[in-house]
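Fit chain B to the given chain F structure using the hints.
Top line first, the protein sequences correspond to chains F and B.
In this text, residue positions in the first sequence follow the working numbering: the first is 377, and each later residue adds one.
In this text, residue positions in the second sequence follow the working numbering: the first is 377, and each later residue adds one.
Hints were generated in silico from the structure; no laboratory data involved.
In this text, all values refer to a predicted model and were calculated from it rather than measured experimentally.
Among the hints, a few may not be true.
Note: identical chains are not told apart, hence a pair may lie in one copy or across any two.
[To be verified] Derived SDA-like pairs (lysine to any residue); straight-line CA-CA distance at most 20 Å:
#	residue 1	residue 2
1	569	531
2	521	425
3	503	468
4	521	564
5	521	456
6	548	588
7	521	446
8	436	583
9	436	404
10	607	477
11	391	403
12	500	510
13	569	483
14	437	556
15	383	560
16	521	471
17	569	607
18	521	472
19	521	568
20	495	505
21	607	448
22	495	509
Protein chains: 2
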Amino acid sequence: MVLWAEKEEILGLFKETPLFSGLTIETQKIFANTAVTCSIPKGQVIYMEENHADFFYIIKKGWVKLFRETFDGTEAVIDILSSSHIFGEFSIFDNGIYSSSAQAVEDSILISLPTSILKEQIEKDPKLAFNMFAVMSRYQRQQDKKIEHLTLQTTSQRIGCFLLRLCPQNQKTDIVIQLPYDKILLASRLGMKPESFSRSLNILRDKTGIRISGARVEIDSISQLTDFSCKGCSSSYPCEDI
Amino acid sequence: MVLWAEKEEILGLFKETPLFSGLTIETQKIFANTAVTCSIPKGQVIYMEENHADFFYIIKKGWVKLFRETFDGTEAVIDILSSSHIFGEFSIFDNGIYSSSAQAVEDSILISLPTSILKEQIEKDPKLAFNMFAVMSRYQRQQDKKIEHLTLQTTSQRIGCFLLRLCPQNQKTDIVIQLPYDKILLASRLGMKPESFSRSLNILRDKTGIRISGARVEIDSISQLTDFSCKGCSSSYPCEDI
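The shape of chain F in the complex, shown without the other chains (with noise of 0.2 Å):
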């Protein structure tokens, strides 16, 4: 049974979330009807690659890592999320399998829906279906921009680019920002090792004068940072790719 109280919070969950994004109350209300919340504490595992979907997840709070495992056992990490980010909604059009594996990295607060919902509204609301092209859409133009930078970027540029996206863009000069999560996470999201990771970091620090100190980063300047890491790209900043 779904409390009066949380269903009210959950419905305002709704509206940060693209998916469910101006839909009817009475679609939402069928969502939030079957909604559940689930505390998740850091370091467990929500869903294994391969396993059945039987539910899609909107984070409430905290932050959930998406990777698979190759056969030599290395971690590919796919995505890290954060608040009002949904995951496990693509495994509708993946045969009901998840394509990847979840798991909390920081204590966590879920809203667990039954993808069983998600497939049959989607067939009967076309705003629904239209909301999951516009997700896809994102998505999809995210992993093109993953993959250009995978190929063109180097290392440093990489980092760079990581922190541009935590700046606050109306804020040009002394900016303080935290890094979100620790550096390893942090490697692993960009797609490097950690000894790669901290020589990188380094040649970032002297190429562009940041300064960072354990979780902690200043920048004196935005261009700075712009001039050195977007060259690299074929967008410019302020974006909206990644």
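Same frame as chain F, now just chain B:
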């Protein structure tokens, strides 16, 4: 005006194209009536990134490269497509602009179709919408896999993986295949510089015993190649992911 014989041929091509598979003959005819066949010589640009997307295309014959250019003038190859592949169709979810450029890399014959008809019919025909979801979902899996490969496979393993995808899946020994396009293009397609490609090809040759002469590749045993290439991947051969 589309001639009767040409229309029949286009309807035949639709059967091999997942986006059009299983549509009613009425819907297929709506597309076929607006189709135009065009011959594109090798090297010709079909459209540029950020152009307004009036048409999407089916490749009847030839090879088409999708790419982007970075600010320092380097080219990022997104994909190289062959017969019965579609491109430009995702523009209908990207505010009607192309997200990459397209160029014929061999003399090619294309069928152009208006994006306006696609957009209109997707809203009317749930089967077409479902096909589009399937096409996008397949593309997503391919892009996820490319990211995994770029992150975790060695350059030699990536070339091995590419060759495996050209092998007939029912043949395990004494395989002869042809590289579908030149090695410089192949290097870009796999995200490598030509000199890195040559070095990696030599390593692959040494490790797996394959023989390469011009575009001809001889593989004595498929397991030589899978043992080397697939251990850095989360899928096993034969895989459908890419």
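Violated hints, by number in ascending order, as checked against the structure: 8, 13 and 15
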